[in-house]
Amino acid sequence: MTEAAASTTPAPATDHGKRFLVAWIVASVIATPLVAIFLGDHLPPGNGSAQAHEQVFDNSWLLAIMTPPGLFVVMFLGYALWTFRNRGTVGALEDGPPIRGNARIQTLWMVITSAIVLFLAGFGSYELVQSGAGGGQGPTAAFQPAGYQKALDVQVIGQQWEFTYRYPTYGGIETPHLVLPAGTLVRLHVTSLDAIHSFWAYGLGVKADANPGVDNIVYVHTKDPMQFDIRCAELCGLWHGYMFDTGHVVASGRFTSWIKQQQSYFAPVSKYLPPYSTTYLPDPSQRAG
Amino acid sequence: MSAVAIETTPPLWRRLIGFNLLTAVVLGVGGWYLGWFIGHQVAGASIDYFGDIDQNDVAIFCGYIIGLLGFLIGLGFGVYPWSRMRGYPPSLREKETEGAGRYFGLCTDHKVVGIQYLWGIGLFFFVGGLNAMFIRMELLSPTSHIFPPGQYLTLVGMHGTMMMGMFTSGILGPFANYLVPLMIGARRMAFPRIEALTFWLLMSAGAILTTTIFFGGFPTGWTGYEPLNDQANAGMDAYIVFFALVGISMCLLGLNMIATIVTMRAPGLTWSRLPIFCWGVLSTAILMVLAAPVLVAVLGMAMLDRTAQTTFFLPTGGGSPYLYENLFWIFGHPEVYILALPGFAIVLELLPVFARKPLWGYRLSVAGLLGVTLLSWLVWQHHIFVSGINSDLRPFYMLSTELISIPTGFTFLCGLMTLWRGNLRFPVPMLFCLAWFFNFLIGGLSGVFLSDVPSDVTTHGSFFSMAHFHYTIMGGLVFTFFAAIYYWVPKMTGYMLNERLGKVHFWLMFISFNSTFGPLFAIGFLGQPRRAVTYAHTLQFLNDWVSISAFVLGFSLLLFLVNFVWSLVFAKVPAPANPWGSRSLEWQLPSPVPVHNFDRIPHITSDPYDYGEARGPVAVPAPTGVGGMS
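Chains as they are written, first to last, in the numbering used here: chain A, 386 to 674; chain B, 96 to 725.
It should be emphasised that the hints constitute simulated quantities derived from the structure, not laboratory data.
Every residue, glycine too, gets a C-beta built ideally from N, C-alpha and C.
Take every hint as true, because none was put in to throw you off.
Looking from chain A toward chain B, a few residues come up when the C-beta cut is under 8 Å (computed):
#1 L447
#2 F469
#3 W494
#4 G590
#5 H625
#6 G626
For the chain A half of the interface with chain B, some residues (derived, Cβ under 8 Å), not all of them:
#7 R470
#8 A477
#9 L478
#10 P482
#11 Q522
#12 I581
Output of the computed footprint for chain B on chain A, the stretches with three or more beta carbons under 8 Å from beta carbons of chain B:
#13 422-432
#14 450-461
#15 483-492
#16 495-502
#17 512-519
#18 612-621
Take the sequences, apply the hints, and build the full model.
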C-alpha cells in the first residue's frame with residue numbers, strides 16, 4: 386500500500402459534477418414527457434371504469450415522476466464507473482482523494498427526496514379519497530364517491546373455489562355470473578364463506594379481499610359495455626389457480642332483461658337461499674359448544 | 096492448545112458415545128416418537144369429537160417439540176446448564192478444538208459457527224432454488240401439466256419459506272458471527288453458547304420444514320394466512336414449528352449481536368469509528384429482537400387454534416383473520432428490512448475498499464440504517480391495503496411507506512458519492528456491489544407503485560409485487576451475499592476463489608436475473624396473480640421467456656457452486672493476508688484467523704476508511720490487561 390495522499394493527486398481538470406448534472410437534466414427533460422405521453426395511457430388496467438382510469442392515471446404519473454431519479458442513479462453509475470475507473474496509470478491500490486462528505490449535497494439530497502416523497506403521498510391520497518380507487522374498503526367505507534346513496538348493490542361471495550353473486554335489489558337471487566349495467570355506480574359487497582379470497586376484476590380495476598364474516602365494500606363506476614377477467618388474487622387453497630371467471634358490463638336494457646331471465650331460471654332454488662345478508666357466518670354468541 | 100493434542104485418541108466406538116451429532120439425531124428421532132406417543136395419550140379421545148379424524152395435530156406438535164429437545168440435548172446444550180446447577184464454576188467457552196469434527200457439533204468458536212452457517216444456509220438456498228426451478232417448469236404452460244395443484248402449492252410454499260426463513264433471515268449467521276468480533280477487536284461473541292444454539296435451532300427448523308412432505312405439504316405459501324392455515328392438513332404443523340424456531344433463532348442471534356457490539360468493542364473503537372457493516376448488523380439485530388417474538392406469538396396462537404380449539408383467527412368462533420394478518424405483518428415488514436439492511440451494510444463496507452476512498456457521509460449512512468430501522472415499524476398495513484381493514488388509515492400507511500425511501504436514499508447517496516473521483520477497480524465482489532445499485536433501484540422504484548393505494552389495487556397480489564420483492568431480496572440481498580462470499584471467504588478459509596469463473600458467474604447471474612424478473616413486472620401488470628398454477632394463454636410467451644431465463648439463472652448458481660468447491664477443495668490458491676488492500680481490522684489478521692483471533696486486544700486508532708489520509712497502523716496492541724478476558 387502506498388502512502389500517496391490527496392495532496393499528490395492532481396485536481397481533476399474537468400468539472401465532472403457540472404458535466405454530469407447537465408447530462409442528467411437534459412436526459413430527464415427529454416425522457417420524462419416521453420414516458421408520460423407514449424407509455425402513460427397504455428398502462429394497465431385500462432379504461433373499463435372510473436376507478437380503473439384513476440389507476441392508469443396514477444401508474445403513468447408515478448412512472449413519469451420516477452424517471453428522473455432512476456436516470457440519476459443509472460447515469461451516475463455509468464459516468465462514475467467509466468470516468469473514475471483505474472486506467473492503469475496509477476497503482477490499483479493508490480488511494481483516491483479523502484472526501485468524507487459534503488453538507489450541501491447531503492442537505493440538498495434530503496430536501497429533494499423529501500419533496501418527492503411528500504408529493505407522491507399527497508398525490509396518491511388525493512386520488513384515493515375520490516372513491517377508494519377500486520380497493521376494498523371494509524364495512525364502513527371511508528371514501529364514498531358522489532351519489533353513493535343510489536349505487537347498485539351487488540354481493541360477491543367467495544368460496545372454495547368459485548365466486549357467486551347476489552343481487553339484493555332483485556330479490557336477492559344468486560347467480561354464478563357477474564353482469565353489471567353500463568354507466569352505473571355499483572357498490573360491491575365482497576365476502577367469503579371459508580378462507581380469504583381476493584376478488585380481482587382486472588378490467589374494472591377492482592381488487593378487494595373476501596374475508597369470512599366481513600362485508601368488504603368497493604365502489605366501481607362502470608363505463609361502456611365490455612368483458613373483463615375475474616381472478617382470485619389471494620392464495621385460498623388447493624384449486625386457487627382455477628378460481629377465475631369472466632364478467633360482463635352490458636347496456637342497461639340488456640341488464641334488465643338478463644336479470645329477469647336469471648330470476649325465472651333460478652326461481653326453483655332461490656326460495657331455499659338464506660335471506661340476503663352482508664355476511665353469512667353464525668353469530669358467535671349464538672354458537673353452541 | 097497443545098495440551099489438548101497430547102491426549103491419546105480413544106477408539107472409534109468410544110468417540111461415538113457422548114454429546115455429538117450422532118447422539119443428537121438418535122435422541123431427536125427418539126424424541127419424535129416419544130412426543131407422538133404422548134400426544135396420542137393426551138388428545139387421542141378428543142380427536143373423535145373435533146373434526147379431523149385422520150390426523151392428530153397434538154401428537155405431531157408434541158413429536159416436533161420433544162424431538163427438538165432431544166436433538167439439542169444430544170448435541171450437548173444441556174451439559175453446561177446442568178453442571179452449573181450442580182455447582183460447577185462458570186466458563187465462557189467449550190469444545191474449541193482444531194480439526195474438521197468441530198464443524199459437526201456444538202462449537203462456541205464464532206468463526207466455526209460462521210462457517211457452519213455459511214454451509215447450512217447455503218444448502219437451503221440451493222434446495223429453495225431448486226423449488227423455484229420446479230415452479231418455473233410448471234409455469235412453462237398456462238395449465239397444470241407437471242405437478243398436481245397441491246404439490247405446486249407446496250413447492251411455492253417451500254420455496255418461500257426456505258428462502259425467507261432458512262436463507263435470508265439467517266444471512267447475519269455466516270458474516271456477522273464470523274466478522275463482528277474480528278471487526279470490533281474481540282475474541283468471541285458475548286454469548287458463545289447462544290451463538291451455537293441459534294445455528295442448531297435454524298438447522299432443526301429446516302429439518303422440520305422438510306418433513307412437511309411426509310404429511311402432504313402445506314397450501315398457504317410462506318405467509319400461512321388464516322383460516323386456510325387452520326383448515327390445512329398436518330403438513331401445516333411443520334410450517335408452524337419451523338417458522339417459530341426460525342423466530343427464536345433470529346431473536347437470540349439479534350440479542351447476541353447487540354450485546355456484543357455494545358459491550359465488547361476494543362478500546363478506542365468509538366461509535367463513530369465502528370465499521371458500517373457493524374452498524375448494519377446492529378440495526379438488523381434490533382429489528383430481529385423486536386420483530387421475531389411477534390412471529391413466535393402469532394404462530395403459537397395458530398398452533399393453539401389447530402390443537403386446543405381456541406379460535407383466535409376463526410370468524411365462526413368470534414376470532415378474526417385480520418388479527419393474523421396484522422400480527423404476521425407487524426413481524427413481516429421489519430423482516431423485509433432484516434433482509435435489506437445487511438445488503439446495504441455490505442455494499443457500504445466494500446465500496447471504500449474498491450474505490451480507495453473513505454466512506455462518503457459516514458454519519459448520514461448510519462442515519463439511513465437507523466432511519467429504516469425505525470420507520471419499518473410503521474408501515475405494515477400496506478400489505479393489506481385491499482383487505483377491507485381501516486380504509487381511513489390508508490393515506491397514513493401510504494405516507495409512512497414512501498417515507499422509508501428517504502433513509503434508503505441516504506444509502507444510495509453515500510454509496511454513489513463514495514465512487515465519485517475514486518480509483519475504481521472491479522474484482523468480483525465490487526461487481527456484485529455495483530449490481531446492488533441497479534437491482535435495488537428497480538426494486539425500490541417498483542415499490543412506489545405498491546405503496547400508492549390506487550396503483551396497489553392493480554398490482555397487489557400479482558406477479559408485479561412478486562417481481563418487486565425478488566428485485567429487493569434477490570437483487571438486493573443475494574447479490575451482496577455473493578459479494579460478501581467472494582470478498583470474505585479468502586479470510587474465512589485462507590483460499591482465494593477463482594476470479595475468472597467468478598466474473599462469468601457474475602455476468603451470467605446479473606443478466607439472467609434481470610431477464611427473469613424484469614418481464615414479471617409486465618406479467619403482473621397484465622393481470623397474472625401470484626401462486627396460481629394457471630394463467631391466461633396470451634401470457635405464455637412472456638412466461639416461457641421468464642422460465643428459460645430462470646433456468647439460466649439456476650445454471651449461473653451452479654457455476655458458483657463449481658467455483659466454490661473447485662477453489663476450496665481442489666485448486667487451493669492460498670490467500671494473502673490482505674488481498675484487497677482493506678484497512679479494516681479483520682484483514683490485519685492472518686488468513687485463516689487463529690482460534691483466539693488476537694494475541695493482544697488491539698487499541699483502535701482510526702476508523703477503517705482512512706484511505707488517502709495520512710495514516711498510521713489501524714490499531715496498536717492495547718496495554719496488557721485491557722479486554723484480555725477470553
